[in-house]
Amino acid sequence: MTVVYWLVYGLLGTGALLALVRLGLGPSLLDRVVATDTLLVIIAAGLAVHAGLERDPTVVPVLVVVSLLAFVGSVSVARYIGGMLLSSTGDGQDVGLPESAEERTARSLEVER
Amino acid sequence: MSEVQTAADVVAVVLMLLGAFLCLTAGLGLVRFPDVLTRMHAGTKPQVLGVLLIMVGAAIRLQGWSATWMLLLVAVFQMLTAPVSAHMISRVAYRRRHVRRDRLLVDELRAETRPDRVYRGDEPADAPPEEPGQALAESRREDEAR
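Protein chains in written order, with my numbering: chain A, 1 to 113; chain B, 1001 to 1146.
This is chain A alone, in the form it adopts within the complex (with noise of 0.2 angstroms):
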């Protein structure tokens, strides 16, 4: 059982900690919204296997608080982004303020090339 026990929370965790890199790398908001979603999410993982290993059901209501949390956050930051946005006036697609970090990136690759 504690081969089990390390087994679990080392895949949660190394998850969580791959989840936090990406929270910090960014480059968008938006990543750091789908980083924090799969967090929560993780948390919400790790709390259940503590109930479950430890036969200890006082957990469970935070379980339901977490991932109502998780839900509300990233649905109000999404519409957030979605007010900054400006209409285009040039080939039909909605421009957002700031170019995106991915196209400059994949932008420069292609001129060192």
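Hints may contain errors.
Unchecked claim - The following label-pair restraints were derived from C-beta to C-beta distances:
no.: 1; chain 1: A; residue 1: Leu25; chain 2: B; residue 2: Glu1142; range: 48 to 58 angstroms
no.: 2; chain 1: B; residue 1: Val1106; chain 2: A; residue 2: Val72; range: 28 to 38 angstroms
no.: 3; chain 1: B; residue 1: Glu1142; chain 2: A; residue 2: Val62; range: 58 to 68 angstroms
no.: 4; chain 1: B; residue 1: Asp1107; chain 2: A; residue 2: Val21; range: 24 to 34 angstroms
no.: 5; chain 1: A; residue 1: Thr105; chain 2: B; residue 2: Leu1080; range: 27 to 37 angstroms
no.: 6; chain 1: A; residue 1: Leu17; chain 2: B; residue 2: Val1014; range: 16 to 26 angstroms
no.: 7; chain 1: A; residue 1: Val21; chain 2: B; residue 2: Val1106; range: 24 to 34 angstroms
no.: 8; chain 1: B; residue 1: Thr1006; chain 2: A; residue 2: Leu7; range: 16 to 26 angstroms
no.: 9; chain 1: A; residue 1: Val21; chain 2: B; residue 2: Glu1142; range: 26 to 36 angstroms
no.: 10; chain 1: B; residue 1: Pro1129; chain 2: A; residue 2: Leu69; range: 37 to 47 angstroms
no.: 11; chain 1: B; residue 1: Asp1102; chain 2: A; residue 2: Val65; range: 40 to 50 angstroms
no.: 12; chain 1: B; residue 1: Thr1038; chain 2: A; residue 2: Ser108; range: 11 to 21 angstroms
no.: 13; chain 1: B; residue 1: Glu1138; chain 2: A; residue 2: Val62; range: 52 to 62 angstroms
Honestly, the hints are just simulated from the structure, not real lab data.
The beta carbon of each residue, even a glycine, is placed where N, CA and C say it ideally should be.
Given chain A, work out where chain B should sit, using these hints.
Just chain B now, kept in the frame of chain A:
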């Protein structure tokens, strides 16, 4: 009785391990993938399947119906809300160009001809006025002719 208990415990532990493995793959995909849509594809793996597996495992281990119902509530809630938040995030990601268009095979949202500028419900207050395209203008002309 104890044999049944042991078998149930083994099943529960295996389910939890599978769910935890999905969480690890989500973290790996978040770090490795190139843009918001693909990262979301990886990051929402544990949101439905991983949480479901872990909830089933915890429900097997926990005794008493109150905990089981609450875990079921969490699972149903996850399945209801994951598509909604994914839809909203991906829509904003596409419109703010956080999508690598050069890596898309099919891009159904790209406007081919001269675009219609139609409000979609999340414009800022100082957005330029609507410019509905040819189809709408045509139908208005038909209405006036009638």
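These are the hints, each one checked on the structure:
| no. | hint | verdict |
| --- | --- | --- |
| 1 | Leu25/A <-> Glu1142/B: 48 to 58 angstroms | holds, 54 angstroms |
| 2 | Val1106/B <-> Val72/A: 28 to 38 angstroms | holds, 32 angstroms |
| 3 | Glu1142/B <-> Val62/A: 58 to 68 angstroms | holds, 59 angstroms |
| 4 | Asp1107/B <-> Val21/A: 24 to 34 angstroms | holds, 30 angstroms |
| 5 | Thr105/A <-> Leu1080/B: 27 to 37 angstroms | holds, 36 angstroms |
| 6 | Leu17/A <-> Val1014/B: 16 to 26 angstroms | holds, 24 angstroms |
| 7 | Val21/A <-> Val1106/B: 24 to 34 angstroms | holds, 31 angstroms |
| 8 | Thr1006/B <-> Leu7/A: 16 to 26 angstroms | holds, 19 angstroms |
| 9 | Val21/A <-> Glu1142/B: 26 to 36 angstroms | violated, 57 angstroms |
| 10 | Pro1129/B <-> Leu69/A: 37 to 47 angstroms | holds, 38 angstroms |
| 11 | Asp1102/B <-> Val65/A: 40 to 50 angstroms | holds, 41 angstroms |
| 12 | Thr1038/B <-> Ser108/A: 11 to 21 angstroms | holds, 20 angstroms |
| 13 | Glu1138/B <-> Val62/A: 52 to 62 angstroms | holds, 57 angstroms |
Consistency note: the structure conflicts with earlier hint 9 alone.
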